[in-house]
Amino acid sequence: MAGMSRGRGRNQFTFNVDALGFGRGDSLPTTTHTPSPLFPPMQFQPVPLHTGEEVEYMLALKQELRASSKNLPFHIRAARTKRDVSRYSDKYQTGEPKNNTIEWSPDWSRLPKELCIKVRKPQKTITGTKQQLKQRPKVAASKEDILQKLETLEKEEVHSEEEEDEGKKKKQNDDEEEEPEVEEDYDEEELEDETDYIASYFDNGEDFGGDSDDNMDEAVY
Amino acid sequence: MTAQEVRLCGLLLQEHFGDVVENVGTHLIRNGVLTLRALAHETKLALDLVKKSLCVLVQHGMCTFGPGRRGPAGPVEYHINCEHILHMLRYPRYIYTAKSLYGDTGELIVEEILQRGQMTMSSTVKTVADRLTHNMPEGQSMDYNEVVSAFSRLVETHFLQRCPPMASAESSGTGSAETPPAVTQPSNPESHPDCYKLPYISLSGHGKRRRSSEDGEADQRAAKKAKTDSSECGDEGIHWQVNFERFHLHFRDQAIISAVSCKLDQTSGEIVRTMLRMSEVTTSANAAFTQALSANEIFRALPSNYNIARPILDQYLTLLVDDPMEFVGKAGDSGGGMFVVNLHRALANLARATLESVVQERFGSRSARIFRLLLRKRHLEQKQVEDFAMIPAKEAKEMLYTLLSENLVQLQEIPKTPDHAPSRTFYLYTVNQLPTARLLLQHCYKTVGNLIERRLYETKENKRLLEKSQRIEAILASLQATGAEATQLTEVEEMITAPERQQLESLRHHINKLDSSENQVDETIFLLESYINSTQASR
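As you go down the protein sequences, you meet chains A and B in turn.
Sequential numbering of the first sequence, starting at 1, is according to full-length UniProt numbering.
Sequential numbering of the second sequence, starting at 1, is according to full-length UniProt numbering.
Hints are computed from structural coordinates only; laboratory data are not their basis.
From a predicted model like this one, the values you see are computed outputs, not experimental measurements.
Backbone N, C-alpha and C fix where the C-beta goes; we use that ideal spot for every residue, glycine too.
Facing chain A, according to a computed beta carbon distance under 7 Å, are these residues of chain B, among others:
#	residue
1	Gly18
2	Tyr91
3	Tyr96
The calculated label-pair distances, taken between Cβ atoms and stated as ranges, are:
#	chain 1	residue 1	chain 2	residue 2	range
4	A	Asp107	B	Glu280	29 to 39 Å
5	B	His84	A	Tyr88	40 to 50 Å
6	B	Glu485	A	Lys155	54 to 64 Å
7	B	Phe426	A	Thr31	23 to 33 Å
8	A	Gly52	B	Arg37	48 to 58 Å
9	A	Asp107	B	Glu473	35 to 45 Å
10	B	Asn135	A	Gly52	17 to 27 Å
11	A	Cys116	B	Met1	27 to 37 Å
12	A	Cys116	B	Thr267	57 to 67 Å
13	B	Met1	A	Thr31	31 to 41 Å
14	B	Lys394	A	Ser36	15 to 25 Å
15	A	Pro41	B	Glu413	32 to 42 Å
16	B	Glu494	A	Ser36	41 to 51 Å
Whenever a hint applies, use it, and build me the whole structure from the sequences.
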């Protein structure tokens, strides 16, 4: 509105100049060339925080809650993306649950049915036996061993098929899937590992060199 | 939902539940109601992950579901409850309040239920008993009955409430093959008549001490046994949740009492506390003032260790009524005088005091003087501001313009002529308390968001150092458990060099400061939120 009255009087402003805070002849404040700083210096220092027993206790509570909530089953981690090369240790280092179920059991009557994740039977038994049928004969030394192994594998295939049927029936009744899964786990372990070592003991050597060396008798090259 | 609230909710979800839930939650907040398929499409996550996240959110009461726009036959729609997520900031305060009122047992009960969202009474009792037994010296264990009694006290005073039952839509009783609806709709918890009724459970025993040296098999056996036990307790399907509203009423009362104690003296605070305690059950949550109490009743209900005579009580009450803060008002003369506590006015005064103190700390005491002046006198011209505040003209102008640029003060134009010529218009400065309170509340949310982000940044910067110190602590702990010599321990401790120790120390100090600031800002958030809610309720 100040510049619009060009026609009437050149040196007249339409508002009361005194109200602006500076007279006509005074210099205007300097123009700014840069945006205002991100953290401008504060004119007044902030008041220090409260201290006291109550404050300390609530602080400790807050940190504890934060730490413990990471261990609860409510903390959902997405599946780890595959790294460039699939490694042998991936088999032994699955942090995520094998099935896609929730690790805690809510009251399903209070949740909509569509949120219930049905346990999908792991397909390993079918493909596993097929692979073994192909691989095992190569490994076996003599013919008799091959025949024996084929027989045992057939038995196990039949056994696992029976289990599958049982498992499906049980699933329909919405019972716990513990028993067939436990047996299958034993099956898989027997079939896949012919070693005596405990599966969880595997150490893939990535921590080598980072541990503490208590007795430095020998130099490390 | 404002941008700052959305940002803060996202940060809180990420802190407690991880990135996946944060992704799902943020999309739900931004888009309002969504169905499962739409949500999976928006977040581009696997369907199973979305389902898991929704289970987590519903379990904690942060998300509700209901029949969609197409009616009960259509897909279920989910919509999120932002306030519940923001309550996560206040969990330490709830737990501390439970501790101060009901001791360690109450504290652990509330902590367990807060962390798990909803729990049945029997599982809560068992878990809490186990935890308490764990902290007790050897040979002692916590009896279930004590925990049950603490739980009952919490329910009686309404701090815990039953989760509302699912009100499933009734399917017709005819022989048609109608499948029962896949969706059940939760109702308001207070509308259920049995909201605070304790179930009868048959639970007796002691807390079990968990030995760390036991095999994993024993734990599995114990877990299986626990599953079979819980089915015998008789309270299946009755879940309990924390009643946040009740805690908020308690905090509000605490704020009023401490304000009165600060302004007047301890005895007045006690009188107001007595009045509030007496009207706890009779006053509804949104009431503007408590039920009228006569001076006789107050006198009888005062705690016994306060031996004040009747005339002195009358004097105190008169003082409280005459105080400009208007916490207590007189509603009649019968029974020695009927008195009420003005809840809404007290909240408004507390919010006003908060605003004034914010201006004072940021802009100085003279700006605060101008602000208080404008609050009291409503509309003032620039000349009048200078005169009333007794501040020289130039400085007054500068301060006013600073406040104006921060939006704490507004300018109101009153034209004298229809053409709004500036020389013939009144320009009045004014402060509106409610919009300013809302503005400050958004600033608070932004502040907490900044604090959390800064804490995450600090942790990330020093991640290597933190991991190293954690590993060394673990080594130390295992060495001590197996009984190593002192020299070995000192050797391991020396693996952290002195400058690293210093860096760790300063990092801990910073993180503690940031956490403590979050707690303190949350107190301001609570005050401002209560004030804003009280103004909305009265409309």
